[in-house]
Amino acid sequence: AQTVTQSQPEMSVQEAETVTLSCTYDTSENNYYLFWYKQPPSRQMILVIRQEAYKQQNATENRFSVNFQKAAKSFSLKISDSQLGDTAMYFCASHTGANSKLTFGKGITLSVRP
Amino acid sequence: NAGVTQTPKFQVLKTGQSMTLQCAQDMNHEYMSWYRQDPGMGLRLIHYSVGAGITDQGEVPNGYNVSRSTTEDFPLRLLSAAPSQTSVYFCASSYSGTGGPYEQYFGPGTRLTVT
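Chain order of the listed sequences is A and B. For the first sequence, this note's numbering assigns the number 4 to the initial residue and increments by one for each residue that follows. For the second sequence, this note's numbering assigns the number 1362 to the initial residue and increments by one for each residue that follows.
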C-alpha cells in the first residue's frame, strides 16, 4: 500500500520570496509517479508538476521545481518568486502505474502575503 | 474538449434521500475515479473503474454505488444519504496504458450537504 505524508498543515510566505513544501511517501514499487496538485479557492484541482521515479533529474515547470530524493522517499515542491495567485492548498500524490490508484497526502494550505 | 464535467455543482439532501452525481469525460480515458474531500483528510478514493463494465472499491466505498456502462460516463449513487456524506466530491479520469505518467484530470467538484 502507498502512503503519502504532508506534515505541515499551513505555511505562509512573502510575495516574491521562495517557499518549499514538504512531502514524503512510502511505496514498495520500483516504478511510480509523483505529483503536486494545486487547489485554489475555486476548488478546481490543477496539476502543478509531475516526476517519474525512474528519472533522476528533478522536474521543473517555470517557477515550480521539485527536490526528488528517491532513497529518502522525499518529494518537496519549491515555489520561486511567490505570487499572490499561488495562494492555495497543495496536495502531494503518488501513483504506481496503469490502472492503479492515486494516493493523496492531506494537503498544505499556502498563503502568499502581499 | 470539455474535459471532465460534473453535475450538479451544489446539492442539499435530507437524511435518507438518494441521488446520483453525474460525471462525464470526452478524452476517451479508460480510467475514471471518484474521490471525496473532507477538511484535514485530503482526497480519499471512493470507487474507480478501469474501463466500461469494470468497477472496484476504493478506500471509502460504503454508502456509495457506481456503474460504468460507457467509456464516457461514471455516475456515483448515494443510496441513502447520511450527514457523514457531507463533503466535496471529485470525479477524475486518466489515460490507462503503458508508459505513464497517468496524470489524472479532475472535474470541478460537487459540494454536497446532507441535513
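Derived from the structure by calculation, the hints contain no laboratory data. Incorrect hints may have been included.
[Stated by the list, open to error] Straight-line Cα separation of at most 27 angstroms, BS3-like style, residue types lysine-lysine; simulated pairs:
#1 A:Lys58 x A:Lys109
#2 A:Lys76 x A:Lys104
#3 A:Lys104 x B:Lys1375
#4 A:Lys73 x B:Lys1370
#5 A:Lys58 x A:Lys81
#6 A:Lys58 x A:Lys104
The hints, checked one at a time:
{"no.": "1", "hint": "A:Lys58 x A:Lys109", "result": "holds, 26 angstroms"}
{"no.": "2", "hint": "A:Lys76 x A:Lys104", "result": "holds, 18 angstroms"}
{"no.": "3", "hint": "A:Lys104 x B:Lys1375", "result": "violated, 32 angstroms"}
{"no.": "4", "hint": "A:Lys73 x B:Lys1370", "result": "violated, 39 angstroms"}
{"no.": "5", "hint": "A:Lys58 x A:Lys81", "result": "holds, 18 angstroms"}
{"no.": "6", "hint": "A:Lys58 x A:Lys104", "result": "holds, 21 angstroms"}
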